[in-house]
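Colleague: Sequence:
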Amino acid sequence: MTKKPRFTHDEHADMGRTLAAIRDELTRRSVQLKGAYPRSGLEAAPAQKLDDAVRAIDQARHTLDSTLFREHPDTAETTVYYPHPEDRKVSRD
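Position 54, counted from 1, in the sequence shown is what the UniProt record's numbering calls 54; the numbers after and before it change by one each time, with no gaps.
No lab work stands behind these hints: they were computed from the structure.
Careful, some of the hints might be misleading.
[Said to hold, decoys possible] Per label pair, the in silico range of CB-to-CB distance:
(1) ASP58 <-> HIS9: 32 to 42 Å
(2) GLU86 <-> LEU42: 30 to 40 Å
(3) HIS72 <-> PRO38: 40 to 50 Å
(4) GLU43 <-> THR2: 47 to 57 Å
[Said to hold, decoys possible] Taking lysine to any residue pairs in the SDA-like style, the calculated list, with each CA pair at most 20 Å apart, reads:
(5) LYS49 <-> THR67
(6) LYS4 <-> ALA53
(7) LYS34 <-> ALA53
(8) LYS34 <-> THR18
(9) LYS4 <-> LYS49
Remember, predicted model here, so these are calculated numbers, not experimental data.
C-beta atoms are modelled at their ideal positions from N, C-alpha and C, and glycine is treated no differently.
All chains, full assembly: derive it from the sequences and hints.
Modeller: Shown next, in the form of structure tokens:
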């Protein structure tokens, strides 16, 4: 069985920026929906689903952050998966 390749530090950094940007956008959209629709009942479901997605992204970021520190202990920083707001822009190649 071949061993799967792991992320390089740069791949972790790209993933961290992307997940942080997606989380920010989902959070903004959830707040937008909560301001326009009831917070309970059928009409609240879309905002609740976005909140669920944010929690799932947070769990993935936490696990990936731990993986980064395990795989790249000399270069790992918490700002890889939790970048400052100005560093959350996603580059499109």
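Colleague: Do the beta carbons of GLU86 and LEU42 sit within 30 to 40 Å of each other?
Modeller: Taking Cβ atoms as reference, GLU86 and LEU42 lie about 38 Å apart, which means the hint holds.
Colleague: Holds or violated: the 47 to 57 Å window for the beta-carbon distance between GLU43 and THR2?
Modeller: holds, 49 Å
Colleague: Do the beta carbons of ASP58 and HIS9 sit within 32 to 42 Å of each other?
Modeller: Given about 22 Å between the Cβ atoms, the range is violated.
Colleague: Does THR67 lie within 20 Å of LYS49 when you go C-alpha to C-alpha?
Modeller: violated, 27 Å
Colleague: Taken at face value, is the distance from the CA of ALA53 to the CA of LYS4 at most 20 Å?
Modeller: It is violated: about 27 Å lies between the C-alpha atoms, which goes past 20 Å.
Colleague: Could you check the hint for me, namely that HIS72 and PRO38 are 40 to 50 Å apart, CB to CB?
Modeller: holds, 46 Å
Colleague: Taking 20 Å as the top limit, are the C-alpha atoms of LYS34 and THR18 close enough?
Modeller: violated, 24 Å
Colleague: Would you check the hint for LYS4 and LYS49, treating anything up to 20 Å between C-alpha atoms as holding?
Modeller: Judged against 20 Å, a Cα distance of about 32 Å means the pair is violated.
Colleague: Hinted pair, alpha-carbon criterion (20 Å max): LYS34, ALA53. Please report holds or violated.
Modeller: holds, 15 Å
Checked against the numbered hints given earlier, this structure breaks hints 1, 5, 6, 8, 9; the rest are met.
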